[in-house]
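Q: Sequence:
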Amino acid sequence: MCGILALISGNVDCGDAAVDLHEALYALQHRGQDACGIATSHKSGRIYSCKGKGLASKVFRDGAIIPELPGFMGLGHLRYPTAGTSSNAESQPFYVSSPYGLLFSHNGNLLDTEKLKEYLDFEAHRHVNTESDSEIMLQVFASQLLQTNKRRVDADDLFTGLENMYKLTIGGFAFCGLVAGFAIFGARDPHGIRPLVIGSRPNQDGKGLDYMLASESVALDQLGFTGIQDIKPGQAVIIPKGGSPIFRQVHPQLSYTPDIFEYCYFSCPNSIIDGISVYESRQNMGLKLANTIRKTLGQEVVDSIDIVVPIPDSGIVPALLVAEALNRPYRHAFSRNRYIFRTFIMPNQAKRRKGVKSKLNPLRCEFKDKNVLLVDDSIVRGTTSLQVCNMAREAGAKKVYFASSSPAVTHPHIYGIDLATSTELVAYNRDRQAIAALINADEVVFLTLEDLESACAELSPRPQQRFEVGVFCGRYVTPVSKGYLERLEQSRGKLDAIDKNDDGAFVTVGDSLTAHPVVSKCSDIGLHNLVGDH
801 MCGILALISG
811 NVDCGDAAVD
821 LHEALYALQH
831 RGQDACGIAT
841 SHKSGRIYSC
851 KGKGLASKVF
861 RDGAIIPELP
871 GFMGLGHLRY
881 PTAGTSSNAE
891 SQPFYVSSPY
901 GLLFSHNGNL
911 LDTEKLKEYL
921 DFEAHRHVNT
931 ESDSEIMLQV
941 FASQLLQTNK
951 RRVDADDLFT
961 GLENMYKLTI
971 GGFAFCGLVA
981 GFAIFGARDP
991 HGIRPLVIGS
1001 RPNQDGKGLD
1011 YMLASESVAL
1021 DQLGFTGIQD
1031 IKPGQAVIIP
1041 KGGSPIFRQV
1051 HPQLSYTPDI
1061 FEYCYFSCPN
1071 SIIDGISVYE
1081 SRQNMGLKLA
1091 NTIRKTLGQE
1101 VVDSIDIVVP
1111 IPDSGIVPAL
1121 LVAEALNRPY
1131 RHAFSRNRYI
1141 FRTFIMPNQA
1151 KRRKGVKSKL
1161 NPLRCEFKDK
1171 NVLLVDDSIV
1181 RGTTSLQVCN
1191 MAREAGAKKV
1201 YFASSSPAVT
1211 HPHIYGIDLA
1221 TSTELVAYNR
1231 DRQAIAALIN
1241 ADEVVFLTLE
1251 DLESACAELS
1261 PRPQQRFEVG
1271 VFCGRYVTPV
1281 SKGYLERLEQ
1291 SRGKLDAIDK
1301 NDDGAFVTVG
1311 DSLTAHPVVS
1321 KCSDIGLHNL
1331 VGDH
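Taking our numbering, the leading residue of the sequence shown gets 801, the next gets one more, and so forth.
Any given hint could turn out to be false.
To be verified - Below 25 angstroms or equal to it, Euclidean Cα-Cα: the simulated SDA-like pairs (lysine to any residue) are:
1. Lys950 - Thr960
2. Lys843 - Asp954
3. Lys915 - Glu1286
4. Lys1199 - His1132
5. Lys950 - Asp921
6. Lys1007 - Ala955
7. Lys858 - Asp816
8. Lys1095 - Ala1257
9. Lys917 - Ile970
10. Lys915 - Asn929
Stated by the list, open to error - Per label pair, the in silico range of CB-to-CB distance:
11. Arg1275 - Asp1231: 14 to 22 angstroms
12. Gly1006 - Gly1075: 30 to 38 angstroms
13. Gly1196 - Cys1273: 34 to 42 angstroms
14. Lys950 - Leu1087: 52 to 60 angstroms
15. Lys950 - His925: 15 to 23 angstroms
16. Arg1136 - Gln947: 46 to 54 angstroms
17. Ala1234 - His927: 45 to 53 angstroms
18. Arg1275 - Pro1002: 40 to 48 angstroms
19. Arg951 - Glu1286: 42 to 50 angstroms
20. Arg1275 - Thr930: 26 to 34 angstroms
21. Ala889 - Lys1007: 32 to 40 angstroms
22. Gln1233 - Gln947: 56 to 64 angstroms
23. Ala1234 - Pro1002: 57 to 65 angstroms
Derived by calculation from the structure, the hints in this document are not laboratory data.
Where is the CB? At the ideal position from N, CA and C, for every residue including glycine.
Construct all of the structure, not just a fragment, from the sequences and the given hints.
A: See the structure below:
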């Protein structure tokens, strides 16, 4: 899972697109903590890029480097590693000089990377420098765009290139791109698995409108963008300099099935994704979970519960509704260290275990001699659930019940969320009692898949809304080739074993990388995309 951004100012003389992109990165920081980057295009056609490992505050030195990234348009990216490694080289946005000077920020996963690598090697003759499927996608698009064989690219050429790229790719993804000096663009997979929204605002200099694309609406809201709408499955949008958005269906819509994990965990509660409020969906999950708890544990056990405790942060909303529905006291009995990363998206299991202990601290006075019901958004590897159950017992709890506002995760995620390999999943080949024993809980309760889907679908503006729910049942919305899941688990196992120390930020300077942020000095892309040349 990653966060992606694209911004174009209505004023081509504006040089501070990076200022807004930088602020938007903070709004989406929850989507990726491994690395981040910003790349901008100046009206001269130059590309400026700063990217590296770490949070936005570290990579951009609390904003100190932003003035060194001039341009009226640009891309932003927050990386959460799923495909490839977590090295500096795989930080985004990616850039290729040919054709036309392209930047690319990608969120999701491709399912046919081996076939695409063969295509790039034997047919397109393009070099791939990393293990990232994001770079593969950029190179495939570049190879299609190169076939225009034109000095200047236009919107129709971009749409044609995207249409041809979609014919070669399978997966769940959303992406933003930029053609140096000309336009930004964005698109979404034919099933709408990964989110992408667009909004506009009046330019502060009174020169038309600014436009922004983002993974979540919260980034647009924060920067004053309005008229926010979702990019539809299989749809692309291009915003040329000085122009308005041009929408086109570059692939037939195969379904409208957003990933339900966006609502359970990943997205900010303030966001609205595909017309569904993340906050309200979590409220619905809490209400339905309360009914499941009552049916599973019985009224006598429910009455014996002294307090309902959320696991912060994504467990807060469902826990509050559970407490209200069960008529039990609600307590914030875990204090959270705000300076610790989200443990779920840490790059390996050792760091996740350490992160939970560092992130959460029990308030002993709330646990001592009490029966407690802990509520979280999910149980995946069992890292957090085991640690918090142990903490509750060490703090003096008599009974510890654990409730998840999503079903048991039994299968890998294949569209850009590194849940785990199958054998790492706590629910893999285990029943409810075995899971409870493994996480040191007296009982564990899961929301049913039917209830989870209805909790979100009830809020959808579309009738009979469906979702991507493969992690809970093994039924994925896209075809999955034979052997893909085995290769995915092997690659994730290798990634989990990697613990690199190359965590400095860098700016691209030609083909070289430096260990710390420096003033970016990239050469001109060429005259074909200069302002006024279209």
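Q: If a hint holds in the structure, say so; if it does not, say that too.
A: Now the hints, each set against the structure:
1. For the proposed pair Lys950 and Thr960, the alpha carbon gap of about 13 angstroms is at most 25 angstroms, so the pair holds.
2. Restraint check for Lys843 and Asp954: satisfied, since their Cα atoms lie roughly 17 angstroms apart, inside the 25 angstroms limit.
3. The suggested pairing of Lys915 with Glu1286 holds, with an alpha-carbon distance near 16 angstroms, which does not exceed 25 angstroms.
4. A threshold of 25 angstroms between alpha carbons decides the hint, and for Lys1199 with His1132 the separation of about 17 angstroms falls inside it, so the pair holds.
5. The straight-line distance between the Cα atoms of Lys950 and Asp921 is roughly 23 angstroms, inside the 25 angstroms bound, and the hint therefore holds.
6. Note on Lys1007 and Ala955: the hinted pairing holds, with a Cα-Cα distance of about 22 angstroms set against a maximum of 25 angstroms.
7. This hinted pair checks out: Lys858 and Asp816 have alpha carbons roughly 20 angstroms apart, not beyond 25 angstroms.
8. Pair hint Lys1095 plus Ala1257 holds up; C-alpha atoms about 23 angstroms apart against a cutoff of 25 angstroms.
9. Among the hinted pairs, Lys917 with Ile970 is consistent with the structure: their alpha-carbon atoms are about 13 angstroms apart, no more than 25 angstroms.
10. At most 25 angstroms may separate the alpha-carbon atoms for a hinted pair to count; Lys915 and Asn929 meet this at roughly 16 angstroms.
11. For the pair Arg1275 and Asp1231, the beta carbons lie near 21 angstroms from each other, so the given range of 14 to 22 angstroms is met.
12. At about 32 angstroms, the CB distance of Gly1006 to Gly1075 agrees with the hint of 30 to 38 angstroms.
13. In this structure the supplied range 34 to 42 angstroms holds for Gly1196 paired with Cys1273, their Cβ-Cβ distance being about 39 angstroms.
14. A beta carbon spacing of about 57 angstroms between Lys950 and Leu1087 agrees with the range 52 to 60 angstroms that was offered as a hint.
15. Our hint of 15 to 23 angstroms for Lys950 and His925 holds, since their Cβ atoms are close to 19 angstroms apart.
16. A C-beta distance of roughly 52 angstroms is found between Arg1136 and Gln947, which places it inside the suggested range of 46 to 54 angstroms.
17. As the Cβ distance of Ala1234 to His927 is approximately 49 angstroms, the hint placing it in 45 to 53 angstroms holds.
18. Arg1275 and Pro1002 have their C-beta atoms about 46 angstroms apart, which keeps the hinted 40 to 48 angstroms range intact.
19. The hinted range of 42 to 50 angstroms is satisfied by Arg951 and Glu1286, whose Cβ atoms lie roughly 46 angstroms apart.
20. In this structure the hint that Arg1275 and Thr930 lie 26 to 34 angstroms apart at CB holds, the actual value being about 31 angstroms.
21. Checked against the hint of 32 to 40 angstroms, the C-beta distance between Ala889 and Lys1007 comes to roughly 38 angstroms, which is consistent with it.
22. Evaluation of the 56 to 64 angstroms hint for Gln1233 and Gln947 yields a pass: the beta carbon distance comes to about 59 angstroms.
23. Checked against the hint of 57 to 65 angstroms, the C-beta distance between Ala1234 and Pro1002 comes to roughly 58 angstroms, which is consistent with it.
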